[in-house]
Amino acid sequence: MRITTPVDRLRSARSAARWSIAPLLLAVVGGVASPAAASGARIPWPGSGQSAVAVDGRGLLGTSGAVDRPHATASVAKVMVAYQVLLDHPIGVRDSGPTITVLPYEAAAYRAERYSGQTLVAVASGERISERKALEAMLLPSGNNMARILARWDAGSIDRFLARENGTARRLGMSRTHYTDPAGVDYRTVSTAPDLIRLDEAAMAVPTFAQVVGETSARVPVAGVVTNHNRLLGHNGVLGVKTGWTGAAGGCLMFAARVKGDKSHTYHMVYGVVLGQPGPPPAGRSFDAALRLISGARASV
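For the sequence shown, the numbering used here gives the first residue as 976, with consecutive numbering after it.
Just so you know, these hints were derived from the structure itself, not from any lab. A virtual CB, placed ideally from N, CA and C, is assigned to each residue, including glycine. Incorrect hints may have been included.
What the hints assert, rightly or not - Computed Cβ-Cβ distance ranges for the label pairs, DEER-style:
(1) D1070 with Y1242: 25 to 31 Å
(2) T1191 with G1101: 28 to 34 Å
(3) A1138 with R1267: 33 to 39 Å
(4) S1270 with G1032: 30 to 36 Å
Hey, can you work out the whole structure from these sequences and the hints?
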């Protein structure tokens, strides 16, 4: 059973089953304003960490914190995994996509890691899981092991996948971003809030990605029903995107929301990122920070 936020509220008939890499990348590189273009909008910025918020058609409204200094991203890194996989293996919103086979060493790693404190999804050796279900298993409950399985499947090895991710980050203009692991467990996987705004907009432009991150739950092989860690879904116009937390990163959240502007009285997409928020998993106080940023963006447009 799957509960979804209808994608047709977010995207029109652009939900074609196939996407080419070039249009996705080119459409986004110029889509979000640079930090230098930030407006003087009065936004209730969080008092710690760093953040950024943008509105479609208006670019970056502003930033807070040391956004010139790369910060650990925690599981927000999985957004790039999903985006890269969908660039390399595009599937439509109604498609399951190719089948991935879980290898014996990946199943053994799950058994060894399940008491380590990592967020994992149950897998079994020889398990066959579709690309779509693997994306759900990674993005909703934040399965670290599924991020590694997807990376290996996509590029043949995790190292080759990381090279692809870093190349995609450069093409998106994410100049302060570097990926050293797919799951974001490694504190050396870093980015900045303005960089991640670019990825936020790029990923949400892919209908299959937008649909998956808008699901509150999904049923996947072996693990059964998994639930989304993003408790903002369905509130204040929030349509996604991804939570994250590690000791090094603090609470992190990439979000996207569709709101009606207080001034324009028309609907806008708001994209935002908060990093380094205090508090416990799954995202520290980043949920509260995100709601304030959404309210500030709504008031500014």
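- S1270 paired with G1032, Cβ distance criterion 30 to 36 Å: 19 Å, violated
- Task: Given the range 33 to 39 Å, decide if the beta-carbon distance of A1138 to R1267 lies inside it.
- Result: 38 Å, holds
- Query: Should the hint that D1070 and Y1242 are 25 to 31 Å apart at their CB atoms be regarded as holding?
  - Reply: 28 Å, holds
- With 28 to 34 Å as the target window, see if T1191 and G1101 comply at their CB atoms. 30 Å, holds
Hint 4 from the earlier list is the only one contradicted by this structure; the remaining hints agree with it.
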